[in-house]
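Participant: Let the hints inform the model, and build the full structure from the sequences given.
Line by line, the protein sequences are chains A, B, C and D. Residue 234 in our numbering sits at position 219 of the first sequence; the count goes up by one each step and never skips. Residue 358 in our numbering sits at position 343 of the second sequence; the count goes up by one each step and never skips. Residue 251 in our numbering sits at position 236 of the third sequence; the count goes up by one each step and never skips. Residue 21 in our numbering sits at position 6 of the fourth sequence; the count goes up by one each step and never skips.
Hint data in this document are derived by calculation from the structure and do not stem from the laboratory. A few of these clues could be false.
Any copy, or any two copies together, can satisfy a pair, since identical chains are not distinguished.
As the list claims (entries may be wrong) - Taking lysine to any residue and the SDA-like style, the derived pairs with C-alpha atoms no more than 20 Å apart in a straight line are: (1) 283 to 130; (2) 237 to 167; (3) 237 to 322; (4) 237 to 247; (5) 172 to 129; (6) 237 to 323; (7) 237 to 346; (8) 237 to 259; (9) 237 to 350; (10) 283 to 350; (11) 283 to 198; (12) 283 to 349; (13) 172 to 36.
4 protein chains.
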Amino acid sequence: MSPISQSLNPSTPQVSHAPIPVAILGATGTVGQRFISLLDGHPWFRVVALTGSARRDGQRYGEAVHWLLSEPLPAWAAEMPLVPTAPENLNGAALAFSALPSDVAREIEPQLASCGVWVCSNASAFRREPDVPILLPEINADHIAVLRQQQANRGWKGGIVTNSNCTSSGLSVALKALDDAFGLRQVFAVSMQAISGAGYPGVAALDIAGNVIPYIGGEEAKVEWEPRKILGAVTPEGIRLADFRISAHTNRVPVVDGHTVVVSVALKRPPADTEEAIRALEAYQPPEIARDLPSTPRPVIVVRRDPDRPQPRLDASTGGGMTTVVGRVRPDPIWDLKFVVVSHNTVRGAAGGAVYNAEVLVISGLVAAPA
Amino acid sequence: MSPISQSLNPSTPQVSHAPIPVAILGATGTVGQRFISLLDGHPWFRVVALTGSARRDGQRYGEAVHWLLSEPLPAWAAEMPLVPTAPENLNGAALAFSALPSDVAREIEPQLASCGVWVCSNASAFRREPDVPILLPEINADHIAVLRQQQANRGWKGGIVTNSNCTSSGLSVALKALDDAFGLRQVFAVSMQAISGAGYPGVAALDIAGNVIPYIGGEEAKVEWEPRKILGAVTPEGIRLADFRISAHTNRVPVVDGHTVVVSVALKRPPADTEEAIRALEAYQPPEIARDLPSTPRPVIVVRRDPDRPQPRLDASTGGGMTTVVGRVRPDPIWDLKFVVVSHNTVRGAAGGAVYNAEVLVISGLVAAPA
Amino acid sequence: MSPISQSLNPSTPQVSHAPIPVAILGATGTVGQRFISLLDGHPWFRVVALTGSARRDGQRYGEAVHWLLSEPLPAWAAEMPLVPTAPENLNGAALAFSALPSDVAREIEPQLASCGVWVCSNASAFRREPDVPILLPEINADHIAVLRQQQANRGWKGGIVTNSNCTSSGLSVALKALDDAFGLRQVFAVSMQAISGAGYPGVAALDIAGNVIPYIGGEEAKVEWEPRKILGAVTPEGIRLADFRISAHTNRVPVVDGHTVVVSVALKRPPADTEEAIRALEAYQPPEIARDLPSTPRPVIVVRRDPDRPQPRLDASTGGGMTTVVGRVRPDPIWDLKFVVVSHNTVRGAAGGAVYNAEVLVISGLVAAPA
Amino acid sequence: MSPISQSLNPSTPQVSHAPIPVAILGATGTVGQRFISLLDGHPWFRVVALTGSARRDGQRYGEAVHWLLSEPLPAWAAEMPLVPTAPENLNGAALAFSALPSDVAREIEPQLASCGVWVCSNASAFRREPDVPILLPEINADHIAVLRQQQANRGWKGGIVTNSNCTSSGLSVALKALDDAFGLRQVFAVSMQAISGAGYPGVAALDIAGNVIPYIGGEEAKVEWEPRKILGAVTPEGIRLADFRISAHTNRVPVVDGHTVVVSVALKRPPADTEEAIRALEAYQPPEIARDLPSTPRPVIVVRRDPDRPQPRLDASTGGGMTTVVGRVRPDPIWDLKFVVVSHNTVRGAAGGAVYNAEVLVISGLVAAPA
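Facilitator: Set out below in structure tokens:
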């Protein structure tokens with residue numbers, strides 16, 4: 016069992032239903048691989064279809080994939096056939112985990128939702144839609160309420176739930192705890208992002224070896240916007256953005272897994288001291304509905320008090336890669352607080368987040384097990 | 016000839032004096048090595064003494080040093096004896112380049128200044144003193160005026176001039192150009208610093224390989240304070256700090272040479288558009304006295320317009336490592352401007368800066384060639 | 016649970032005795048840390064003492080250690096006091112895992128053995144002694160027979176068992192399988208070794224970043240000698256070296272964990288084809304006594320048939336870091352076979368190997384549980 | 016001036032002819048970029064055409080290229096138009112430097128040779144032809160004699176000269192010096208190759224970060240064969256292979272520039288001791304015709320006596336990247352000698368080698384300056 020499976024809490028009460036059949040869309044990429052690894056032995060879900068590009072139609076997954084995880088490729092996955100990404104190929108899946116490129120997602124995901132499939136998507140295609148939640152259950156599980164609007168607006172029998180951009184995820188978790196306690200006004204965030212966030216082949220070694228690339232296309236706009244939606248409120252017109260502002264610089268660094276974000280924040284009611292801020296972070300609890308699911312991060316936030324932590328190589332896999340690790344909480348000489356956030360970009364920031372989202376869909380009754 | 020020698024402009028008018036004898040204090044460390052490389056073939060200076068720790072007294076430099084530069088160790092340096100760091104061992108040097116640890120510098124440098132030696136120091140020991148300039152000639156050569164106060168206050172026949180912390184240097188150059196044009200109010204700066212900035216052995220490979228360390232002891236305090244002194248003004252009471260504020264996060268990344276700093280600034284008179292800011296940076300000219308010296312960066316600032324530059328591995332050696340490279344100039348959604356600065360930490364940020372400082376002492380007549 | 020715990024086979028029959036109290040000597044270093052991680056939850060052993068340098072006497076382990084593993088420091092270890100390495104401080108331990116530096120091991124380990132403690136040592140101090148086995152149970156568990164000679168020769172009530180140098184371990188496992196099947200004559204081995212093999216702080220980042228260091232002090236002599244002892248035979252005069260010869264080049268590369276060794280071999284009875292060699296490697300079985308222990312690698316050898324495997328970052332943790340991974344088995348144009356070996360240097364090549372050795376001491380009755 | 020220009024010996028006698036017009040084929044790739052950098056300021060050659068893929072026809076080179084060298088892109092090159100690779104587009108070039116992919120080279124290079132152009136090719140397409148020399152002038156400049164056969168056999172007015180595979184080059188230089196002195200019998204060579212050897216985008220960062228890839232497609236066959244041709248003899252039937260044998264393992268490591276090869280050799284007349292071998296390497300002199308050209312490595316071989324050198328990051332740029340650096344010369348326990356070779360893969364092993372080859376064509380009168 017790998018570190019990233021640690022969050023599958025063995026004490027999670029067994030759900031008394033048959034396994035729910037699920038599909039993984041875009042299964043050969045780095046996020047697709049992480050889905051396979053995380054769903055290996057999942058207590059609720061059984062993978063019944065793996066999709067990939069049409070030119071690989073009919074290949075066994077084990078042949079088609081360039082497996083990049085240090086956890087071994089599960090035997091059941093190696094033997095499954097790879098099918099083209101289309102509604103008729105999902106083999107009865109009630110739920111689809113999408114690791115599709117954004118342009119493909121934009122076309123396929125609505126077709127699936129229309130047919131009654133629930134799509135837990137890692138693609139950015141629909142994140143800007145007011146009736147599509149960017150769900151991080153430990154902080155905004157209540158946003159599933161917008162799914163009724165989504166079904167009504169679009170005439171879908173299923174629906175689309177997205178997870179956030181990989182850099183927004185850990186950042187949003189930390190911001191949520193501080194917003195609850197002190198009220199956010201302004202946020203300055205600078206990321207140092209791992210190469211696995213760019214997929215495969217992704218970043219060329221000649222570009223990043225011993226180097227920093229101070230640019231990731233489209234990323235800053237996402238990091239400046241998504242946390243405001245994630246911390247926003249459900250209204251009859253969809254999700255309304257929270258009213259703080261973010262300025263982001265996003266950078267690529269030669270790290271394999273784990274995004275680091277350094278943050279300064281201006282707050283409405285600043286804490287009396289650093290300890291009060293740390294306590295607010297440590298005390299953070301997920302909403303009731305998201306608290307005891309197989310993928311619930313345990314705990315949601317770890318605050319390190321060592322002077323030089325968190326670090327991505329050492330801390331990204333905390334809590335099986337689902338925990339947000341915060342450290343270096345200290346006063347900011349211009350605004351109120353400075354701190355550092357590390358989060359696992361392909362687990363909490365991608366596949367693990369989507370699996371957690373799917374668990375919320377199940378526990379809330381939106382996705383039902385087969386009769 | 017190495018990239019870092021490019022700044023030795025062949026058009027620099029020959030100075031019609033005998034070579035000035037200089038010493039390198041702490042010559043075996045990474046900054047000491049860079050001094051040797053930069054002074055190899057310098058048109059004005061001739062190295063007459065290399066000092067190191069007492070336990071190596073009498074060794075040839077070539078035996079004592081663990082040479083870490085890709086430029087070869089010059090033969091003249093390999094053959095010189097290493098002597099203990101003490102005034103009586105400087106072999107008639109009029110000027111000493113100090114790469115001493117700060118605690119040693121605090122004791123030795125005043126002894127030398129008292130004896131009439133001019134010390135161009137890379138140590139932080141005296142940077143906080145109001146009568147000791149942190150000199151970056153391309154932006155504050157006029158701060159040498161404070162040296163008269165220093166001599167009067169302390170009864171020294173020589174004096175101490177420091178260069179800035181390696182992260183403050185490129186940052187201060189970019190800030191100066193913007194301050195002149197638009198007036199600085201607030202600065203948010205996040206560094207991603209190279210391992211050579213920590214000396215040798217410095218950072219353990221096990222700590223930084225494939226990792227980010229979001230902490231460098233004492234660094235943030237320096238980066239939040241030094242640029243304010245560097246951009247300050249000479250008064251009868253010494254140098255007065257400039258009145259803007261800085262918030263800094265400093266990080267170590269797995270890069271060999273070249274510090275990257277991402278910056279957001281709030282300005283008094285914001286530029287009409289990004290182009291106006293770029294023009295202000297590109298048009299920046301050093302003060303007259305510092306404009307045509309052997310180590311003058313040519314140009315002082317390069318602004319890259321490619322979306323993904325500057326990058327430390329590709330850009331740190333621009334202008335022989337003396338030029339400050341700026342890129343990604345763009346609006347900031349909270350304050351006024353965002354941009355990225357890359358600067359060579361052991362050249363512009365250490366040894367090269369100190370050599371440039373020494374050239375200003377010579378051209379201003381403070382250090383004279385032997386009769 | 017971490018990848019390195021995978022070898023703790025849940026099907027291992029419960030041993031019906033009380034936990035055996037063990038000590039970890041030199042517990043703060045990188046190998047000491049790995050011992051703590053591997054013994055966390057071990058079914059047979061309970062850690063009762065952690066030793067370190069005298070200057071840290073009395074500190075809690077959690078304060079004293081610079082923890083470098085991505086697996087969290089177990090709480091029980093964090094709270095234990097660190098005691099100086101001395102026989103009177105072992106708190107009743109029947110068995111000591113030694114991660115001591117070789118010079119300290121040379122003095123302390125015999126004192127412990129003399130007092131009746133069994134020492135499973137990672138130090139090289141006694142590996143050259145004919146009556147001290149270099150034990151890799153999956154290939155030479157029968158070498159424990161020499162321990163009777165050791166006790167008789169030295170008048171010890173306990174004894175010393177060593178594991179091999181980290182590079183020799185995986186190499187020896189692969190060579191053993193080939194020697195059994197085809198008879199070894201000559202071996203050419205070139206290692207590319209991970210930085211964790213040098214301990215902490217170990218290799219300076221400035222030395223190894225983006226670089227190869229084609230030299231590791233003393234390593235080649237070990238790699239050219241140890242496998243011959245490991246594959247040797249127990250005789251009345253101690254262990255006799257096997258009669259093949261090895262030529263080794265050892266190199267450091269910028270990899271965190273996992274040593275890669277490329278090998279060419281000349282054989283007495285070459286295989287008919289590559290497949291026969293692969294089958295011999297895959298069919299290899301450990302001796303009966305070492306086959307079902309908690310740390311038995313499962314399987315002992317994995318042969319990869321992908322053209323570009325094994326790779327240290329992806330394959331070193333196979334079988335919880337205890338499995339030897341071989342790949343690229345192919346004909347050699349001068350001798351008989353070429354292949355590549357990857358093995359986890361701090362698990363199979365250090366702490367995990369020593370724990371496996373201890374399990375053999377228990378199962379063979381040499382170490383008894385407390386009454 | 017960059018380190019790689021150091022070999023342009025200022026004492027090279029000025030050639031009293033007009034500049035020779037040359038083209039660079041495949042100018043946008045990593046080797047093409049190195050050609051531009053090396054030809055910037057070359058005393059004999061003037062670049063008159065840059066070719067690239069047809070889809071970039073008409074773009075300025077500065078727009079089309081993703082420039083990856085730390086030396087700046089020369090202004091003259093930035094402004095040149097990129098033209099499709101075809102004989103009619105070479106703008107009167109007498110000589111073409113080819114950095115084409117092998118399949119394109121196979122088609123285009125003969126067309127050019129047929130039209131009277133001399134092609135100095137980095138492609139492997141024709142290296143196996145007996146009448147096409149793999150030229151390393153410092154060791155086999157006499158192989159240009161085979162060019163008369165090439166012209167006769169093929170009816171060409173020009174011709175094709177290749178340089179070796181980047182790993183074969185430094186290895187062959189060291190082997191030549193030893194073959195001359197002691198006679199080679201067998202060679203065992205293991206490479207640790209830089210990522211720049213794979214071109215751009217080449218190796219994915221996710222594959223090589225903190226890793227070793229023990230496989231490079233087709234490389235081992237080249238390294239086992241090319242040095243035998245390079246050290247072979249010109250006969251009436253073309254070049255006859257030298258009669259020693261090589262076994263090679265080729266590996267990719269996370270190094271930017273500089274291939275490291277560790278070597279063991281069996282010799283016909285072994286040296287009396289290591290010093291005799293070192294002297295043979297240090298005394299090696301290029302053939303008369305190749306001794307004083309602008310790109311002649313000075314010296315051809317440097318032998319390092321430090322225990323841990325050569326290292327690619329520190330030593331690959333020795334002699335402007337043209338010198339072969341050897342170290343760790345010592346006895347081999349099975350054969351005769353062990354040693355380590357570092358050579359710059361894109362300079363001596365690619366573009367620099369091709370420029371040196373072109374200089375030999377000029378000095379030998381095969382390529383004439385325009386009237």
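Participant: First find the shortest C-alpha distance between residue 283 and residue 349 inside one copy, then the shortest across copies, and answer within, between, both or neither for a cut-off of 20 Å.
Facilitator: both (14 Å within a copy, 16 Å between copies)
Participant: Within, between, both or neither: how does the pair residue 237, residue 323 come out at a Cα-Cα threshold of 20 Å?
Facilitator: between (28 Å within a copy, 18 Å between copies)
Participant: Pop the pair residue 237 and residue 346 into one bin, within, between, both or neither, using alpha-carbon distances up to 20 Å.
Facilitator: between (27 Å within a copy, 16 Å between copies)
Participant: What label fits residue 283 with residue 198 when the C-alpha limit is 20 Å: within, between, both, or neither?
Facilitator: within (5 Å within a copy, 28 Å between copies)
Participant: If the cutoff is 20 Å on CA atoms, where do residue 172 and residue 129 land: within, between, both or neither? Let me know, please.
Facilitator: Only inside one copy: residue 172 and residue 129 sit 6 Å apart there, 69 Å across copies, limit 20 Å.
Participant: Quick one: residue 237 to residue 322, C-alpha cut-off 20 Å, is that within a copy, between copies, both, or neither?
Facilitator: between (30 Å within a copy, 17 Å between copies)
Participant: Could you figure out if residue 237 and residue 247 sit no more than 20 Å apart (CA to CA) within one copy, between two copies, both or neither?
Facilitator: For residue 237 and residue 247, only the intra-copy Cα distance (15 Å) is at most 20 Å; the inter-copy one is 38 Å.
Participant: Up to 20 Å between alpha-carbons, please classify residue 283 paired with residue 350: within, between, both or neither.
Facilitator: Both ways: residue 283 and residue 350 sit 11 Å apart in one copy and 18 Å across, limit 20 Å.
Participant: Is it within a copy, between copies, both, or neither that the alpha carbon of residue 237 lies no farther than 20 Å from that of residue 259?
Facilitator: For residue 237 and residue 259, only the intra-copy Cα distance (15 Å) is at most 20 Å; the inter-copy one is 30 Å.
Participant: Cα distance capped at 20 Å. Does residue 237 pair with residue 350 within a copy, between copies, both, or neither?
Facilitator: between (23 Å within a copy, 18 Å between copies)
Participant: Using 20 Å as the alpha-carbon threshold, which applies to residue 172 and residue 36: within, between, both, or neither?
Facilitator: Within. Shortest intra-copy distance 17 Å satisfies the 20 Å Cα cut-off; inter-copy 61 Å does not.
Participant: Give the relationship of residue 237 and residue 167 under a CA distance limit of 20 Å: within one copy only, between copies only, both, or neither.
Facilitator: neither (27 Å within a copy, 57 Å between copies)
The structure is inconsistent with the numbered hints 1 and 2, although it conforms to all the rest.
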